[in-house]
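Novice: Sequence:
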Amino acid sequence: MDEVVRLLREQILISNRCLEKLKAIKNTIQAENKGANIVAAVQEMEPVLLDLGRLEKQKREFLQGKKSASLQAVLAKIPDSESRGIAVHLLHRAQEFEDTLAREVMATRLLLEKGKQYVDFHINVLTRTVASDTYNQDAAAGESRREIKMFDSSV
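In this note's numbering, the protein residues as written are 18 to 172.
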């Protein structure tokens with residue numbers, strides 16, 4: 018039981034740190050400096066993601082040792098007690114953090130997509146062409162849709 022509580026507490030702490038770093042990335046994307054500090058914000062999140070990966074490995078090893086599929090299943094096998102109540106509360110709190118993180122990731126992904134669309138639009142305006150994803154497999158295999166060069170020397 019102590020191991021379950023320790024894992025859940027650590028998950029809550031790491032999830033909270035992830036949430037803080039993700040919000041910092043989102044704020045950097047939305048800042049007026051056009052995302053100049055985005056690399057630093059992402060680099061600050063990398064150690065937290067490594068900690069989260071290490072914790073997931075510990076949870077997986079713990080669950081394999083208990084021959085269980087999830088922490089919920091482990092808690093279901095334990096009789097009612099005060100420590101089980103604490104563990105259930107921590108489990109619900111950890112799930113709340115996961116839900117919040119998922120929403121923040123979706124919002125950040127949307128901001129990045131909107132930023133990409135913004136850049137593509139302005140490239141299209143400048144070059145009077147339709148910009149495509151030139152670095153993906155489909156664009157490399159297919160023919161270019163541009164009728165004029167991106168930077169025409171006759172302009």
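Hints in this document: simulated from the structure, not taken from any laboratory. Among these hints, one or two may not hold up.
[Said to hold, decoys possible] DMTMM-like, lysine to aspartate or glutamate: derived pairs with alpha carbons at most 25 Å apart:
hint: 1; residue 1: K83; residue 2: E37
hint: 2; residue 1: K76; residue 2: D137
hint: 3; residue 1: K40; residue 2: E20
hint: 4; residue 1: K76; residue 2: D19
hint: 5; residue 1: K74; residue 2: D137
hint: 6; residue 1: K84; residue 2: E73
hint: 7; residue 1: K38; residue 2: D68
hint: 8; residue 1: K38; residue 2: E73
hint: 9; residue 1: K40; residue 2: E115
hint: 10; residue 1: K38; residue 2: D19
hint: 11; residue 1: K83; residue 2: E61
hint: 12; residue 1: K94; residue 2: D68
hint: 13; residue 1: K83; residue 2: E73
hint: 14; residue 1: K76; residue 2: E99
hint: 15; residue 1: K133; residue 2: E37
hint: 16; residue 1: K38; residue 2: E121
[Stated by the list, open to error] Just the calculated beta-carbon pair ranges, DEER-fashion:
hint: 17; residue 1: V56; residue 2: A90; range: 31 to 37 Å
hint: 18; residue 1: E113; residue 2: R77; range: 26 to 32 Å
hint: 19; residue 1: K40; residue 2: I95; range: 14 to 20 Å
hint: 20; residue 1: S98; residue 2: K131; range: 16 to 22 Å
hint: 21; residue 1: A57; residue 2: M18; range: 18 to 24 Å
hint: 22; residue 1: Q89; residue 2: T117; range: 17 to 23 Å
hint: 23; residue 1: A119; residue 2: A86; range: 43 to 49 Å
What you are looking at is a predicted structure, and each value in this text was computed from that prediction instead of being measured. Ideal placement from N, C-alpha and C gives every residue a C-beta, glycine not left out.
Novice: All the hints need checking, so say for each whether the structure fits it.
Specialist: To see whether the hints hold, each was checked on the structure:
no., hint, result
1, K83 / E37, "32 Å, violated"
2, K76 / D137, "43 Å, violated"
3, K40 / E20, "30 Å, violated"
4, K76 / D19, "13 Å, holds"
5, K74 / D137, "40 Å, violated"
6, K84 / E73, "16 Å, holds"
7, K38 / D68, "13 Å, holds"
8, K38 / E73, "19 Å, holds"
9, K40 / E115, "14 Å, holds"
10, K38 / D19, "29 Å, violated"
11, K83 / E61, "35 Å, violated"
12, K94 / D68, "28 Å, violated"
13, K83 / E73, "15 Å, holds"
14, K76 / E99, "22 Å, holds"
15, K133 / E37, "24 Å, holds"
16, K38 / E121, "11 Å, holds"
17, V56 / A90: 31 to 37 Å, "41 Å, violated"
18, E113 / R77: 26 to 32 Å, "22 Å, violated"
19, K40 / I95: 14 to 20 Å, "35 Å, violated"
20, S98 / K131: 16 to 22 Å, "50 Å, violated"
21, A57 / M18: 18 to 24 Å, "41 Å, violated"
22, Q89 / T117: 17 to 23 Å, "19 Å, holds"
23, A119 / A86: 43 to 49 Å, "21 Å, violated"
Checked against the numbered hints given earlier, this structure breaks hints 1, 2, 3, 5, 10, 11, 12, 17, 18, 19, 20, 21 and 23; the rest are met.
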